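Engineer: Assemble the complex: chain A is given as a structure, and chain B must be docked to it using the hints.
Number of protein chains: 2
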Amino acid sequence: MAEERKYSIEQLNKFSVGLLVKMGLTEENAEIVTDSLIFADLRNVSSHGIVRLPTYTERIGTGIMNLQPEMKYIRQRGATALLDAENGLGQLAGHKAMKKAIELAKDFGIGMVAVRNSNHFGTASWFSMMALEDGMIGITMANASPAIAPFGTATPLLGTNPLSIAVPAHDKVPIVLDMAMSTVARGKIRLSALKNEQIPLDWGLDEGGNPTSDPNEALKGSLVPIGGVKGSALSLIVDLICGVMTDTGLTGTVKNITDMSGPSDTGHAFIAINIADFIDYGLFAANVDAVVDIIKNLKPKGGAIYMAGEIEHNITEQKKKDGIPLDAAVVELLNKTAEQYGAAKL
Amino acid sequence: MAEERKYSIEQLNKFSVGLLVKMGLTEENAEIVTDSLIFADLRNVSSHGIVRLPTYTERIGTGIMNLQPEMKYIRQRGATALLDAENGLGQLAGHKAMKKAIELAKDFGIGMVAVRNSNHFGTASWFSMMALEDGMIGITMANASPAIAPFGTATPLLGTNPLSIAVPAHDKVPIVLDMAMSTVARGKIRLSALKNEQIPLDWGLDEGGNPTSDPNEALKGSLVPIGGVKGSALSLIVDLICGVMTDTGLTGTVKNITDMSGPSDTGHAFIAINIADFIDYGLFAANVDAVVDIIKNLKPKGGAIYMAGEIEHNITEQKKKDGIPLDAAVVELLNKTAEQYGAAKL
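Top to bottom, those sequences are chains A and B.
The first sequence maps to residues 1 to 346 in the working numbering.
The second sequence maps to residues 1 to 346 in the working numbering.
Everything labelled a hint here was simulated from the structure, so no lab data went into it.
Remember, predicted model here, so these are calculated numbers, not experimental data.
Which copy? The list can't say, so a pair holds if one copy fits it or any two copies do.
Simulated pairs of lysine-lysine, DSSO-like, Cα-Cα distance not exceeding 30 Å:
hint, residue 1, residue 2
1, Lys96, Lys106
2, Lys336, Lys320
3, Lys220, Lys299
4, Lys220, Lys301
5, Lys296, Lys321
6, Lys72, Lys106
7, Lys296, Lys220
8, Lys14, Lys320
Next up, chain A with everything else stripped away, as it sits in the complex:
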């Protein structure tokens, strides 16, 4: 087992904000990005957590990601808007866009904001959950670099293209779906590669389209889509909305986060639905609680019954108390990056 050390939120926050500010981000923007990364670590989506910092800093350092974008709405009508991220950090673009979608939903019952010319935005649920405190359903989607083969081919062209939907409850933990169109997220395989761990055979296919337990082979090959043709089609549609409809790029042109040859050309879409425009909000939240009770009272098959997002919620609460464990190899990488940019070490 790899060596681990636990860090508090404060420690990780100070480290990440310090590093990003050294890179040239404003304090406010560094806080937003850091919040997204720590959110991922707290929810055990470590692949999208603080481990990503060296890659982000490398993208900024090589000048292929814009540190000082002037993100502007280039189209806006009714309940919709299109934000140009100007090749800035995906977290900053998405944070701004989701806030806008929520404002539009306050005015029109539903709001949709698409984002063009953006970058990797971290965890999709971090945005969809922003809608919860306003009594809204939040929907987030993004395209990503080629990872899944269109049905009928063996060539990875489609992204894992995450889809997250967050639905508020009253006393219960909100229902939060955050899924890739593959059986697992690419980042999970990337973390296995970093840790030199083998992966289950239904995670990825090698370049020849054959199942593999080697994460590095899977990263070179393609990922298995959920439901076969269904996951493949859903991935394409997310790309048509996020990539083609934002005029950011054609399907297959998004660059992997580790590809430093140019801007990543990512697109996102955010939708907020104001529940009170369909039903009394209190009744809705109470009924979601009732549904959770109905499901929790079913006969469990094996262990306990968890709702979507509940395990992540529980882990977050636990890590807030106990600290966030980081692999020694990850910490070494983070400190090397900090040293490189003259920032304080972890």
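Structural biologist: Chain B in isolation, oriented as in the chain A frame:
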């Protein structure tokens, strides 16, 4: 092999409209419902086609479905509306609601209409495709009777809860996803049962949660969700939007179309997205065509490469020429129903 006979669209249309009018529907409403059924038969989704007529007429005949609903918008603000179907036919409610969503999207860039107190609405893509001719992306979802077990249980509580998304192209066939949250739609198993055919082992689970090749056992048990926990969570969320948010009923209360003990308490949601509010429409359509070309030019793995909805489109064109084949057993059932209600036989 079962005996088949081919019918023209005109023959089926005359039969179906005649039967529905005898049941008390207006000519106009009978035409709308019939169009949805024949659409399904043309696309080889025969389980949602003309074969459903005896069940619809039985629901109407027993008085548990309202023949003369006064479907009204009980909430309406900005880009959203809530339609009360007053326990009328799902096709009629959905047709009205999707048209409204399209009108809202013309005014606000996006429109969302939810429907409460409705019934089985046929094929989800019939509605989502309505948005195509206005240069919009159409999204349709509905809840359905218990068929899928929430993750961690063996009890069917969640519906197959169809999701359809239609995206327009220029010269190419539009991209049309129409999926259940199960590996196959329940109706497909129902048709196998009607035809006394066995089903593949990854379609359904028996009452004990074990794989079965007997469609009748699977209809008593549960369906396998796509992507395991992902399909199960997506199904729950569709239900929270269509069932709970429309205040139609709590998850698990939708009645199966063959359950004649009372109203089915189904809900739907329709979203239309006006593409021209995000990008020049001509550029979008041309770029979707380009993406289709990119995918079609990949190396095929096995046979030809088809886009989502393309096989259904091709079959439709073929059946329009050659006629729509119906199983002799289905025709017998249809004619028995026609006889019962004094309508012309097929």
